[in-house]
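> Sequence:
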Amino acid sequence: MDRSEGILEKLTTQPGASLAVTLFLRRKGFRDLVENIIYGIAVAELLRKE
Numbered sequence: 001m002d003r004s005e006g007i008l009e010k011l012t013t014q015p016g017a018s019l020a021v022t023l024f025l026r027r028k029g030f031r032d033l034v035e036n037i038i039y040g041i042a043v044a045e046l047l048r049k050e
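Reminder that position 17 of the sequence shown reads as 17 in the numbering used here, one-by-one numbering, no gaps.
Check the hints yourself; a few may be wrong.
Have a look at the derived ranges for each label pair, beta carbon to beta carbon [stated by the list, open to error]:
id	residue 1	residue 2	range
1	Arg26	Leu46	29 to 37 Å
2	Ala20	Ala44	32 to 40 Å
3	Arg27	Lys49	14 to 22 Å
4	Val21	Ala44	13 to 21 Å
5	Ala44	Ser18	16 to 24 Å
6	Glu50	Ser18	30 to 38 Å
7	Glu50	Arg26	30 to 38 Å
8	Ser18	Gly40	16 to 24 Å
9	Asp32	Gly6	29 to 37 Å
10	Leu46	Gly6	28 to 36 Å
11	Lys49	Gly6	18 to 26 Å
Only pairs whose alpha carbons sit at most 25 Å apart, straight line, appear in this in silico SDA-like list of lysine to any residue [as the list claims (entries may be wrong)]:
id	residue 1	residue 2
12	Lys49	Ile38
13	Lys49	Phe30
14	Lys49	Arg26
15	Lys49	Ser18
16	Lys49	Asn36
17	Lys49	Glu35
18	Lys49	Tyr39
Hints are computed from structural coordinates only; laboratory data are not their basis.
The structure presented is a predicted model; accordingly, all values stated were derived computationally and were not measured.
Idealized CB from N, CA, C, for every residue including glycine.
Construct the complete structure from the given sequences, taking the supplied hints into account.
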């Protein structure tokens with residue numbers, strides 16, 4: 001879980017990106033964002049293994 005938090009931190013600390021993330025969170029919700037990040041990490045891990 002700390003890995004997704006690190007990604008979230010990167011997203012929210014970059015200028016401009018924090019605004020986009022804030023708008024995204026309002027629209028989609030924090031839980032959806034975290035699920036998407038975790039899913040993205042899982043896909044990246046699978047692709048790396050192949």
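> Is the hinted range of 13 to 21 Å satisfied by the C-beta distance from Val21 to Ala44?
Hint holds: Cβ distance 19 Å, inside 13 to 21 Å.
> Is the Cα-Cα distance between Lys49 and Glu35 25 Å or less?
Holds - the C-alpha atoms of Glu35 and Lys49 are around 21 Å apart, at most 25 Å.
> Do Ala44 and Ser18 keep their Cβ atoms within the hinted range of 16 to 24 Å?
holds (23 Å)
> Indicate whether the distance between the beta carbons of Asp32 and Gly6 respects the range 29 to 37 Å.
Since the Cβ atoms of Asp32 and Gly6 sit about 19 Å apart, the hinted range of 29 to 37 Å is violated.
> Holds or violated: the 30 to 38 Å window for the beta-carbon distance between Glu50 and Arg26?
At 37 Å between Cβs, range holds.
> Using the Cβ atoms, figure out if Lys49 sits within 18 to 26 Å of Gly6.
Given range 18 to 26 Å: holds, Cβ gap about 21 Å.
> Indicate whether the distance between the beta carbons of Leu46 and Gly6 respects the range 28 to 36 Å.
violated (20 Å)
> Hey, Lys49 versus Arg26, does the alpha-carbon distance stay inside 25 Å?
violated (35 Å)
> Take a quick look at whether Lys49 and Asn36 sit within 25 Å of each other, Cα to Cα.
Given that 25 Å is the threshold and the Cα spacing comes to 20 Å, the pair holds.
> Okay, Ala20 versus Ala44 on CB: inside 32 to 40 Å?
violated (21 Å)
> Ser18 and Gly40, beta-carbon distance inside 16 to 24 Å?
holds (19 Å)
> For a C-alpha distance cap of 25 Å, please report whether Lys49 and Ile38 respect it.
Status holds; Cα separation ~17 Å.
In the structure shown, a violation is registered for the earlier hints numbered 2, 3, 9, 10, 13, 14, 15, in ascending order.
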